[in-house]
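**Q** Once you have looked at the hints, place chains U and P on chain L.
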Amino acid sequence: MDTTTTHRPAAGRFFEDFRVGETLIHATPRTLTDADAALYIALTGARHAPFSARTFAESIGLAGGMLDPLLVFHVVFGKSVPDVSLNAVANLGYAEGRFLRAVRPGDTLRAQSTVIGLKENSNRTTGVVHVRTRGLDQHDRTVLDYVRWVMVNKRDPAAPAPGPEAAPPRLAPALAAADLAVPEGLDFASHDDALSGSPLRLEDYSVGQRIDHVDGMTVEEAEHQIATRLYQNTARVHFDALGQASSRFGRRLIYGGVAISTARALSFNGLANAGIVLGLNAGRHVAPLFAGDTVHAWSEILETAVLAPSVGALRVRHVATRNRPCADFPDRDPAGAYDPAVILDLDLWCAIPRRG
Amino acid sequence: MDTTTTHRPAAGRFFEDFRVGETLIHATPRTLTDADAALYIALTGARHAPFSARTFAESIGLAGGMLDPLLVFHVVFGKSVPDVSLNAVANLGYAEGRFLRAVRPGDTLRAQSTVIGLKENSNRTTGVVHVRTRGLDQHDRTVLDYVRWVMVNKRDPAAPAPGPEAAPPRLAPALAAADLAVPEGLDFASHDDALSGSPLRLEDYSVGQRIDHVDGMTVEEAEHQIATRLYQNTARVHFDALGQASSRFGRRLIYGGVAISTARALSFNGLANAGIVLGLNAGRHVAPLFAGDTVHAWSEILETAVLAPSVGALRVRHVATRNRPCADFPDRDPAGAYDPAVILDLDLWCAIPRRG
Amino acid sequence: MDTTTTHRPAAGRFFEDFRVGETLIHATPRTLTDADAALYIALTGARHAPFSARTFAESIGLAGGMLDPLLVFHVVFGKSVPDVSLNAVANLGYAEGRFLRAVRPGDTLRAQSTVIGLKENSNRTTGVVHVRTRGLDQHDRTVLDYVRWVMVNKRDPAAPAPGPEAAPPRLAPALAAADLAVPEGLDFASHDDALSGSPLRLEDYSVGQRIDHVDGMTVEEAEHQIATRLYQNTARVHFDALGQASSRFGRRLIYGGVAISTARALSFNGLANAGIVLGLNAGRHVAPLFAGDTVHAWSEILETAVLAPSVGALRVRHVATRNRPCADFPDRDPAGAYDPAVILDLDLWCAIPRRG
Numbered sequence: 002m003d004t005t006t007t008h009r010p011a012a013g014r015f016f017e018d019f020r021v022g023e024t025l026i027h028a029t030p031r032t033l034t035d036a037d038a039a040l041y042i043a044l045t046g047a048r049h050a051p052f053s054a055r056t057f058a059e060s061i062g063l064a065g066g067m068l069d070p071l072l073v074f075h076v077v078f079g080k081s082v083p084d085v086s087l088n089a090v091a092n093l094g095y096a097e098g099r100f101l102r103a104v105r106p107g108d109t110l111r112a113q114s115t116v117i118g119l120k121e122n123s124n125r126t127t128g129v130v131h132v133r134t135r136g137l138d139q140h141d142r143t144v145l146d147y148v149r150w151v152m153v154n155k156r157d158p159a160a161p162a163p164g165p166e167a168a169p170p171r172l173a174p175a176l177a178a179a180d181l182a183v184p185e186g187l188d189f190a191s192h193d194d195a196l197s198g199s200p201l202r203l204e205d206y207s208v209g210q211r212i213d214h215v216d217g218m219t220v221e222e223a224e225h226q227i228a229t230r231l232y233q234n235t236a237r238v239h240f241d242a243l244g245q246a247s248s249r250f251g252r253r254l255i256y257g258g259v260a261i262s263t264a265r266a267l268s269f270n271g272l273a274n275a276g277i278v279l280g281l282n283a284g285r286h287v288a289p290l291f292a293g294d295t296v297h298a299w300s301e302i303l304e305t306a307v308l309a310p311s312v313g314a315l316r317v318r319h320v321a322t323r324n325r326p327c328a329d330f331p332d333r334d335p336a337g338a339y340d341p342a343v344i345l346d347l348d349l350w351c352a353i354p355r356r357g
Numbered sequence: 002m003d004t005t006t007t008h009r010p011a012a013g014r015f016f017e018d019f020r021v022g023e024t025l026i027h028a029t030p031r032t033l034t035d036a037d038a039a040l041y042i043a044l045t046g047a048r049h050a051p052f053s054a055r056t057f058a059e060s061i062g063l064a065g066g067m068l069d070p071l072l073v074f075h076v077v078f079g080k081s082v083p084d085v086s087l088n089a090v091a092n093l094g095y096a097e098g099r100f101l102r103a104v105r106p107g108d109t110l111r112a113q114s115t116v117i118g119l120k121e122n123s124n125r126t127t128g129v130v131h132v133r134t135r136g137l138d139q140h141d142r143t144v145l146d147y148v149r150w151v152m153v154n155k156r157d158p159a160a161p162a163p164g165p166e167a168a169p170p171r172l173a174p175a176l177a178a179a180d181l182a183v184p185e186g187l188d189f190a191s192h193d194d195a196l197s198g199s200p201l202r203l204e205d206y207s208v209g210q211r212i213d214h215v216d217g218m219t220v221e222e223a224e225h226q227i228a229t230r231l232y233q234n235t236a237r238v239h240f241d242a243l244g245q246a247s248s249r250f251g252r253r254l255i256y257g258g259v260a261i262s263t264a265r266a267l268s269f270n271g272l273a274n275a276g277i278v279l280g281l282n283a284g285r286h287v288a289p290l291f292a293g294d295t296v297h298a299w300s301e302i303l304e305t306a307v308l309a310p311s312v313g314a315l316r317v318r319h320v321a322t323r324n325r326p327c328a329d330f331p332d333r334d335p336a337g338a339y340d341p342a343v344i345l346d347l348d349l350w351c352a353i354p355r356r357g
Numbered sequence: 002m003d004t005t006t007t008h009r010p011a012a013g014r015f016f017e018d019f020r021v022g023e024t025l026i027h028a029t030p031r032t033l034t035d036a037d038a039a040l041y042i043a044l045t046g047a048r049h050a051p052f053s054a055r056t057f058a059e060s061i062g063l064a065g066g067m068l069d070p071l072l073v074f075h076v077v078f079g080k081s082v083p084d085v086s087l088n089a090v091a092n093l094g095y096a097e098g099r100f101l102r103a104v105r106p107g108d109t110l111r112a113q114s115t116v117i118g119l120k121e122n123s124n125r126t127t128g129v130v131h132v133r134t135r136g137l138d139q140h141d142r143t144v145l146d147y148v149r150w151v152m153v154n155k156r157d158p159a160a161p162a163p164g165p166e167a168a169p170p171r172l173a174p175a176l177a178a179a180d181l182a183v184p185e186g187l188d189f190a191s192h193d194d195a196l197s198g199s200p201l202r203l204e205d206y207s208v209g210q211r212i213d214h215v216d217g218m219t220v221e222e223a224e225h226q227i228a229t230r231l232y233q234n235t236a237r238v239h240f241d242a243l244g245q246a247s248s249r250f251g252r253r254l255i256y257g258g259v260a261i262s263t264a265r266a267l268s269f270n271g272l273a274n275a276g277i278v279l280g281l282n283a284g285r286h287v288a289p290l291f292a293g294d295t296v297h298a299w300s301e302i303l304e305t306a307v308l309a310p311s312v313g314a315l316r317v318r319h320v321a322t323r324n325r326p327c328a329d330f331p332d333r334d335p336a337g338a339y340d341p342a343v344i345l346d347l348d349l350w351c352a353i354p355r356r357g
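Chains as they are written, first to last, in my numbering: chain L, 2 to 357; chain U, 2 to 357; chain P, 2 to 357.
Worth flagging that the hints you see were computed from the coordinates, not collected in a lab.
Since the model is a prediction, treat every value here as computed from it, not as a measurement.
Hints may be right or wrong, so weigh each one.
Since the list gives no way to pick one copy over another, a pair counts as held whenever it fits inside one copy or between any two copies.
In silico SDA-like pairs for lysine to any residue, Cα to Cα no more than 25 Å straight-line [what the hints assert, rightly or not]:
#: 1; residue 1: K155; residue 2: A328
#: 2; residue 1: K120; residue 2: R202
#: 3; residue 1: K155; residue 2: T126
#: 4; residue 1: K155; residue 2: S199
#: 5; residue 1: K155; residue 2: D180
#: 6; residue 1: K155; residue 2: P326
#: 7; residue 1: K155; residue 2: L181
#: 8; residue 1: K120; residue 2: G22
#: 9; residue 1: K155; residue 2: E121
#: 10; residue 1: K155; residue 2: R20
#: 11; residue 1: K155; residue 2: L87
#: 12; residue 1: K120; residue 2: V21
So here's chain L without its partners, still in its complex pose:
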């Protein structure tokens, strides 16, 4: 390094810096412990029993306990930010997300992303980057694998566009139930519905059913910053009020994962037994969330499946809003336009006990 020039270490990659096929090793492995479980509860309001009580986890076959799959997701996602999305304009979507192993307190996660698609936008100033991100544990086992795509600025609008061979692969609109991995040992045969908070099991839900999660949760600046730092996500838009003052929104944006986790926590009201997320089929951050906003959510059952004698699966669509209760299920109109209050449209597979 030259002492006369400035070192700018955190410029991040621009669109023309990505190459299809390259794998980015993300920094800062992280050992997740009971502390992360407690902080996740304190920051989101999560109440699903398998992640709240070691004894409950063990009663359903999860020796050593289990961390909330969404906590795992946020940590893995956070690691990818400095390499993938520091210059992102927008986080466009997720697909083909599979939670392959239960992560236990004490496990250490690291992450890496492979670039699987590049497509320049017609304005030539931005492009869309597709990556497949993997979270790995201390034994190099993949615990999570998902695709996300982001719109990224070009450094130089004149930089050449990637060729058609760089186009992203066709992605599955949703995982098939057969593609889901049941956490090792999971067995709902002794599931205690009183302690889990609901008697509702797979057979109590039907496709098309809609559930209002009733409660509202207001999010404060300190809360989303603490959560997003816990995940070691460094996207500046979440933390730099000074820099954001001159941005399009004029203020900090809340990390989309906070909206996801808040919606999931609210979904306990009606889906208390569907805590274990197995798949992330699709997800869209429809609109930004800001500090002071109150989040509500509703859900729709999209699909049901049987995975094992005691284990069923619900494919659930979670819709979250800002500053609007969901008793009337705000949604897209027939032309596909979202109700202006909608901030999140998320499509997940979750494990759920079957009737004995």
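**A** Only chains U and P this time, still in chain L's reference frame:
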């Protein structure tokens, strides 16, 4: 479930839904760990040595450490909210609270409540529900047992009133010292006054003495929300700024337990050796606390007792205020009306070392 | 105690209460755990790999993991506040700070301070107190040792001034590299630059080089309060909005350690491999930081050294600002006056891997 109807899973019980004698099993057991101890310190400012240092706890006979009894109280209380007080108008009081066993990091708590009294109010739109709530550990041992009563809305004002046989039992105005359970192993013979922060022991206090705790602590929205979610308390009034905008107060109310823990943390100034709460004789949330308010507290010694060769007990009344220092001990006037700054009037038994 | 008089237990020491040579035993030992590590990350944005992942720590020879030395510093500092600086007007400086042993999750820290210098100010209403503060672990081993000096109010301006024999000793402007303690076992031979987040090692830095850390971090009231309570620092100026309303600044001041930790977390951008702080040469809180302010930082390499075959050391000056990016390195002018945005000027020694 019918796909054409809305599932409203979190409506909560109304007054006419309670029956004397029924026991409600509360959901979501919780394993408390060192993380909860650290978060409790970070959120309240607690400094009592037995809950701050494993070594200190072990020096007073508490092998494996001990979690702050008030942390245990808030977690047990929080579990009871969805079943008892989701439609509560007011949390009216506590009585006969006994901390029966030390809870150690790693223990798992669950909770249940038995309805012990029902009395309709003369307006016929609300009633008072008395419950005895128990916290149990992973070995089904009761660690905490207390009575609380709440005013709950009726769903239907025309619903019949409970008969006189449902009237609540007579409650003790305070526990007798003989009713207190000394935590197993507790022995202050080697108590280190320098490390605990005070030379004051049982013999240094006298009935009637009043202590100003001097410091003030301002509470922010993010802080009380994080704490209340840590306890998995779901009362909407604490979290939903949008819903509260049209409420009587126009804003979120802070969980009364935050006032209790803040007052206790402040009481370190003068009562540093009285950290281990043994009994909750009575408690009244005199007025609400809001974000931005500054809490002060003062205490009065109500009673002293000897429990074991090295273990004494102080019965202490903690009074907390909002936005008013307590150098002149704001209190009730002769007619019983509280100084308008008072928010909390709490009557506890605490263990304290005796002189050797 | 007299029941008719008020007990004011938290008055703190005034200038005339200190005696050179006396050692103050600070209260409230604290067992630091994985929870403190996670909270420190969540509250500061820290990303240095040795404190984030147990596996990474062990890969560089730190069996059992290692807590961030600045977390250790804040906890030890916090314990000294009630005895040293409760009536402080200003925290003036630090010197000769040595981190002597790695502190592991599960270790218990306590602290004590020896008064090493007293000098009355010419206004006779205040004086400067120098203390040497030590942090000790559960085996009574010193883990941290540093000098700090504070300006403290006199209770009585007429109290006699200390004599010239009480004058503070001459302090080293900086530790020599030979005075640094390398944590037991530390060996960077297998250091993984991909996981640590940077290929830059000792040889990549040169004296005089300046590094802009780019990102900005906005600090909220709830965040600094939670952090400062985690450290059990009781200085009223950080917590009492009501009391501060009539102060010189009219509002709460943020604990200077929050500025230090924020600057350190930001310094990951450019100094990712310099996480392990070995020495605190000097430090000055140039101006206060308030909630809502955005912190930026830049650094200058002051000195480099070789400590062991794989272990180098960088002496780094961190400068932090409020509400001003650091691309042009705001600093002191030739007359020694700081740019008005500067809040912190800190001089540290940090370990860094050498090229193999």
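**Q** Each hint should be assessed against the structure and marked as holding or not.
**A** Here is what the structure says about each hint:
1. In the homo-oligomer, the alpha carbons of K155 and A328 lie at most 25 Å apart only across protomers (22 Å), although the nearest pairing inside one protomer, at 43 Å, exceeds that limit.
2. Proximity of K120 and R202 under a CA criterion of 25 Å is satisfied in neither setting, with 43 Å inside one chain copy and 36 Å between copies.
3. With identical chains, the CA atoms of K155 and T126 are at most 25 Å apart within one copy only, with a shortest distance of 5 Å there and 61 Å across copies.
4. With identical chains, the CA atoms of K155 and S199 are at most 25 Å apart between copies only, with a shortest distance of 23 Å across copies and 50 Å within one.
5. With identical chains, the CA atoms of K155 and D180 are never at most 25 Å apart, being 36 Å at best within one copy and 49 Å at best between copies.
6. In this homomeric assembly, K155 and P326 come within 25 Å of each other (Cα to Cα) only across copies, at 23 Å, whereas the closest approach inside a single copy is 39 Å.
7. Proximity of K155 to L181 under the C-alpha cut-off of 25 Å is found in neither arrangement, the shortest distances being 37 Å within a copy and 46 Å between copies.
8. With identical chains, the CA atoms of K120 and G22 are at most 25 Å apart within one copy only, with a shortest distance of 14 Å there and 67 Å across copies.
9. Taking the shortest alpha-carbon separations for K155 and E121, only the intra-copy value of 9 Å comes in at or below 25 Å, while the best inter-copy value is 61 Å.
10. Only within a single protomer do K155 and R20 lie at most 25 Å apart by alpha-carbon distance; the minimum there is 14 Å, versus 64 Å between protomers.
11. Only within a single protomer do K155 and L87 lie at most 25 Å apart by alpha-carbon distance; the minimum there is 12 Å, versus 52 Å between protomers.
12. Proximity of K120 and V21 under a CA criterion of 25 Å is satisfied intra-copy only: 10 Å inside one chain copy versus 67 Å between copies.
Hints 2, 5 and 7, counting from the list given before, are not met by this structure.
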